[in-house]
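Peer 1: The lines below spell out each chain.
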Amino acid sequence: MSGLRILVPVKRVIDYAVKPRVNKAQTGVETNVKHSMNPFDELSIEEAVRLRERKQPVEDILAFSAGPAKAQDILRTAMAMGADRGIHVVEEKVELEPLTVAKLLKKVVEDEKRNLVILGKQSIDDDANQTGQMLAGLLNWPQATQASKVEIDGETCTVTREVDGGVETLKAKLPMIITTDLRLNEPRYASLPNIMKAKKKPLEKKTLADYGLDTNQRLKTVKVTEPPARQGGGKVEDVDGMISKLKELGAL
Amino acid sequence: MSSLAAITAAQKLGGSIHGFVAGSGAKEVAAEAAKVEGLEKVIFVDNGAYDKGLPENFAPLLVENIKKGGYSHVLAGHSAFGKNLMPRVAALLDVQQISDITSVEGEDTFVRPIYAGNAILTVQSSDSPKVVTVRGTAFQSGAAEGGSASTEEGTDPKVESPTEWVSESLTKSDRPELGSAERVVSGGRGLKSKEEFDRLMPPLADALGAAIGASRAAVDSGFADNSLQVGQTGKNVAPQLYLCAGISGAIQHLAGMKDSKVIAAINKDAEAPIFQVADVGLVGDLFDKVPELTEKLQK
Chain A
1 MSGLRILVPV
11 KRVIDYAVKP
21 RVNKAQTGVE
31 TNVKHSMNPF
41 DELSIEEAVR
51 LRERKQPVED
61 ILAFSAGPAK
71 AQDILRTAMA
81 MGADRGIHVV
91 EEKVELEPLT
101 VAKLLKKVVE
111 DEKRNLVILG
121 KQSIDDDANQ
131 TGQMLAGLLN
141 WPQATQASKV
151 EIDGETCTVT
161 REVDGGVETL
171 KAKLPMIITT
181 DLRLNEPRYA
191 SLPNIMKAKK
201 KPLEKKTLAD
211 YGLDTNQRLK
221 TVKVTEPPAR
231 QGGGKVEDVD
241 GMISKLKELG
251 AL
Chain B
1001 MSSLAAITAA
1011 QKLGGSIHGF
1021 VAGSGAKEVA
1031 AEAAKVEGLE
1041 KVIFVDNGAY
1051 DKGLPENFAP
1061 LLVENIKKGG
1071 YSHVLAGHSA
1081 FGKNLMPRVA
1091 ALLDVQQISD
1101 ITSVEGEDTF
1111 VRPIYAGNAI
1121 LTVQSSDSPK
1131 VVTVRGTAFQ
1141 SGAAEGGSAS
1151 TEEGTDPKVE
1161 SPTEWVSESL
1171 TKSDRPELGS
1181 AERVVSGGRG
1191 LKSKEEFDRL
1201 MPPLADALGA
1211 AIGASRAAVD
1221 SGFADNSLQV
1231 GQTGKNVAPQ
1241 LYLCAGISGA
1251 IQHLAGMKDS
1261 KVIAAINKDA
1271 EAPIFQVADV
1281 GLVGDLFDKV
1291 PELTEKLQK
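Respectively, the protein sequence lines represent chains A and B. When we follow the numbering used here, the leftmost residue of the first sequence carries the number 1, and every step to the right adds one. When we follow the numbering used here, the leftmost residue of the second sequence carries the number 1001, and every step to the right adds one.
FYI, nobody ran anything at the bench for these hints, they're computed from the structure. Keep in mind that a hint or two might mislead.
Facing chain B, a subset of chain A residues (Cβ under 7 Å, in silico) [unchecked claim]:
no.	residue
1	Pro20
2	Lys24
3	Ala128
4	Gly165
5	Gly166
6	Leu170
7	Leu174
8	Ser191
9	Asn194
10	Ile195
11	Met196
12	Ala198
13	Arg218
14	Lys220
15	Pro227
If the Cβ cut is set under 7 Å, some of the chain B residues that face chain A in the computed set are [as the list claims (entries may be wrong)]:
no.	residue
16	Leu1013
17	Ser1099
18	Gly1146
19	Ser1148
20	Val1159
21	Val1262
22	Phe1287
23	Glu1292
Here are the simulated DSSO-like pairs of lysine-lysine, each with C-alpha atoms no more than 27 Å apart in a straight line [unchecked claim]:
no.	chain 1	residue 1	chain 2	residue 2
24	A	Lys220	B	Lys1158
25	B	Lys1296	A	Lys235
26	A	Lys171	B	Lys1296
27	A	Lys55	A	Lys197
28	B	Lys1289	A	Lys235
29	B	Lys1194	B	Lys1158
30	B	Lys1012	A	Lys220
31	B	Lys1172	B	Lys1052
32	A	Lys55	A	Lys200
33	A	Lys55	A	Lys70
34	A	Lys201	A	Lys70
35	A	Lys247	B	Lys1067
36	B	Lys1261	A	Lys247
Glycine included, each C-beta is placed from N, C-alpha and C at the ideal position.
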């Protein structure tokens, strides 16, 4: 049996705790704020590292990111958490659409002979929840999305996934695509020695053209606006006050 | 439910609408679906291989029928099923999907929330067909009765799924379904334990005929089941009344409930962000206030 050759795509996004603000030109949100690794991608890296720690035959863990030069920091974080090396497709100008990213990942999977891809279920900026499924479709591989438990025995992957109303369990043979849900694990913090070591791990820089792809966008942003603001209706003194206010508002 | 909302969204596009069902006994299901208002035709594929909605065989099945029907738009609910399946379909069709739309602005223009609902994006698609998933709570569900669509057997490419469905474990409940309930009561970290959650929230829900929800903190702490989570990474709800106790109101939680008609909150921290969106706020200890509220509502 051959070992696991894992690919973990990670994305640099606005930190989850920052409240995004729409820019004046209504073309997007202000990006001059703190950025971090997409939280779901941290879970992906953690799961890959845990597979190795569970004595699965992991050949290597490749972290991948496509985006601006600063996405390199996110790849270093992934390597500090335990990824062995990184590939960075540098793209400064446009935010790549999930379909483009999926096509890019397909090439990486083929070039790097991957047999397991673990992605976050969605990135917390565009909230699309598409890339993993698209990649699975393009590769014609089995997919298990929103995983809360992953068990690998030889070539067989058993995945418990979060669905509406509960969980379901699927089984498939490698190669496979898995996307992570929040319950999958608790990502570790990278320790200082590991952060230092990660600086020496190989990080390859590439361009979209290296993979024969361009930044062709299928969707055009017409505008980005603030959501309608809700006005807090003030406070009531006691439970009776709450009930009468709710009646007044027609909610009871 | 999410399928009915998808039909409503489809009606805003103005053309004729076909439904699609596949699985064991799909012919009978199609006959039922034919009564749904707004449908012109229901395509069915009767094959038990599609019962579990596995995307590995369901996606090629849809693609085959989409191509045969020459559709300009393909819509599905942004449910666990739609989220899992539709991007695979979109990739096979080589189109960029538009997820979780809340409004249809035109034949090629759609509105969707991004950044956990902190920004609203309007996008225009140049793809054909346009593959779209629909936020169930953003569109009125049409009537399940009163329509008279024809039914027609679809094509079945009979692609084998490499994925085997093993089992499921669904939370059973007599309460209304969280995603579509008229009223939702929701508990957070402030409930302190599963015992307290189970002691205080169900009676309040029963008094209101409401579904029960929870914040991510409550779910992560094991107070409530995962499937009850309301928020960016859980369910989106937009009930007539969202009544929450012990929830501070993190942006990820607000993303899942801020389109509720009326929001009521009980929290002991007068500065909690939840009070900035609540129509009715009560500052107090939920361990006193929730039982009192439950008792007074029962009268």
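Peer 1: Compare the structure with each hint and give your call.
Peer 2: Do the hints match the structure? See the list:
Of the supplied interface hints, the one on Pro20(A) holds, with its beta-carbon coming within about 4 Å of a beta-carbon of chain B, less than 7 Å. Interface hint at Lys24(A): violated, since its Cβ lies 13 Å from the closest Cβ of chain B, which is beyond the 7 Å cut-off. Hint status for Ala128(A): holds, given a least beta-carbon distance of 5 Å to chain B, under 7 Å. With its C-beta approaching chain B no nearer than about 5 Å, Gly165(A) sits inside the 7 Å limit, and its interface hint holds.
With a cut of 7 Å, the hint placing Gly166(A) at the interface with chain B holds, because the nearest CB-to-CB distance is about 4 Å. Interface hint status for Leu170(A): upheld, as the beta-carbon distance to the closest one in chain B is roughly 5 Å, under 7 Å. Nearest Cβ of chain B to the Cβ of Leu174(A): about 10 Å, over the 7 Å cut. The hint is violated. This hint is violated: Ser191(A) has a C-beta 24 Å from the nearest C-beta of chain B, more than the 7 Å allowed.
At a threshold of 7 Å, the smallest CB-CB gap from Asn194(A) to chain B is about 26 Å, leaving the interface hint violated. Taking 7 Å as the C-beta cut-off, the interface hint given for Ile195(A) is violated, the closest approach to chain B being about 27 Å. A cut of 7 Å between beta carbons decides the hint on Met196(A): the least distance to chain B is about 32 Å, and the hint is violated. Because the smallest distance between the Cβ of Ala198(A) and any Cβ of chain B comes to about 28 Å, over 7 Å, the interface hint for this residue is violated.
Because the smallest distance between the Cβ of Arg218(A) and any Cβ of chain B comes to about 4 Å, under 7 Å, the interface hint for this residue holds. Given hint, Lys220(A) at the interface with chain B, holds; its Cβ is 5 Å from that chain's nearest Cβ, closer than 7 Å. Here the hint on Pro227(A) is kept, as its CB sits about 5 Å from the closest CB of chain B, short of 7 Å. Evaluation of the Leu1013(B) hint against chain A yields a violated restraint, the C-beta minimum of about 17 Å exceeding 7 Å.
Given the 7 Å rule on beta carbons, the hint for Ser1099(B) holds: about 5 Å separates it from the nearest Cβ of chain A. For Gly1146(B), the interface hint is violated, the least distance from its beta-carbon to any beta-carbon of chain A being 27 Å, above 7 Å. A hinted interface residue such as Ser1148(B) counts as satisfied when its beta carbon comes closer than 7 Å to some beta carbon of chain A; here the least separation is about 30 Å, so the hint is violated. Residue-level restraint check for Val1159(B) is violated (minimum Cβ-Cβ distance to chain A is 9 Å; threshold 7 Å).
Here the hint on Val1262(B) is kept, as its CB sits about 4 Å from the closest CB of chain A, short of 7 Å. For the restraint placing Phe1287(B) at the interface with chain A, the shortest Cβ-Cβ distance is roughly 13 Å, beyond the 7 Å limit, so the hint is violated. For Glu1292(B), the shortest C-beta to C-beta distance to chain A is roughly 5 Å, which falls under 7 Å, so the interface hint holds. Proximity of Lys220(A) to Lys1158(B) is assessed by CA-CA distance (about 36 Å); at most 27 Å being required, the pair is judged violated.
Under the criterion of a C-alpha separation no larger than 27 Å, the hint pairing Lys1296(B) with Lys235(A) is consistent with the structure, at around 19 Å. Proximity of Lys171(A) to Lys1296(B) is assessed by CA-CA distance (about 50 Å); at most 27 Å being required, the pair is judged violated. Taken as a hint, the Lys55(A) and Lys197(A) pair is honoured in the structure, with Cα atoms around 22 Å apart against an allowance of 27 Å. For the hint linking Lys1289(B) to Lys235(A), the alpha-carbon distance of about 14 Å falls within 27 Å, and the restraint holds.
Restraint check: the Cα-Cα separation between Lys1194(B) and Lys1158(B) comes to about 46 Å, which exceeds 27 Å; the hinted pair is violated. For a cut-off of 27 Å, the pair hint linking Lys1012(B) to Lys220(A) stands: about 21 Å separates their Cα positions. As the CA atoms of Lys1172(B) and Lys1052(B) are separated by approximately 19 Å, the hinted pair is consistent with the 27 Å bound. This hinted pair checks out: Lys55(A) and Lys200(A) have alpha carbons roughly 25 Å apart, not beyond 27 Å.
Restraint check for Lys55(A) and Lys70(A): not satisfied, since their Cα atoms lie roughly 33 Å apart, outside the 27 Å limit. For a cut-off of 27 Å, the pair hint linking Lys201(A) to Lys70(A) stands: about 17 Å separates their Cα positions. Between Lys247(A) and Lys1067(B), the direct Cα distance comes to roughly 52 Å. Violation of the 27 Å bound is thereby established for this hinted pair. A C-alpha spacing of about 13 Å is found between Lys1261(B) and Lys247(A), which places the hinted pair at or below 27 Å, so the restraint holds.
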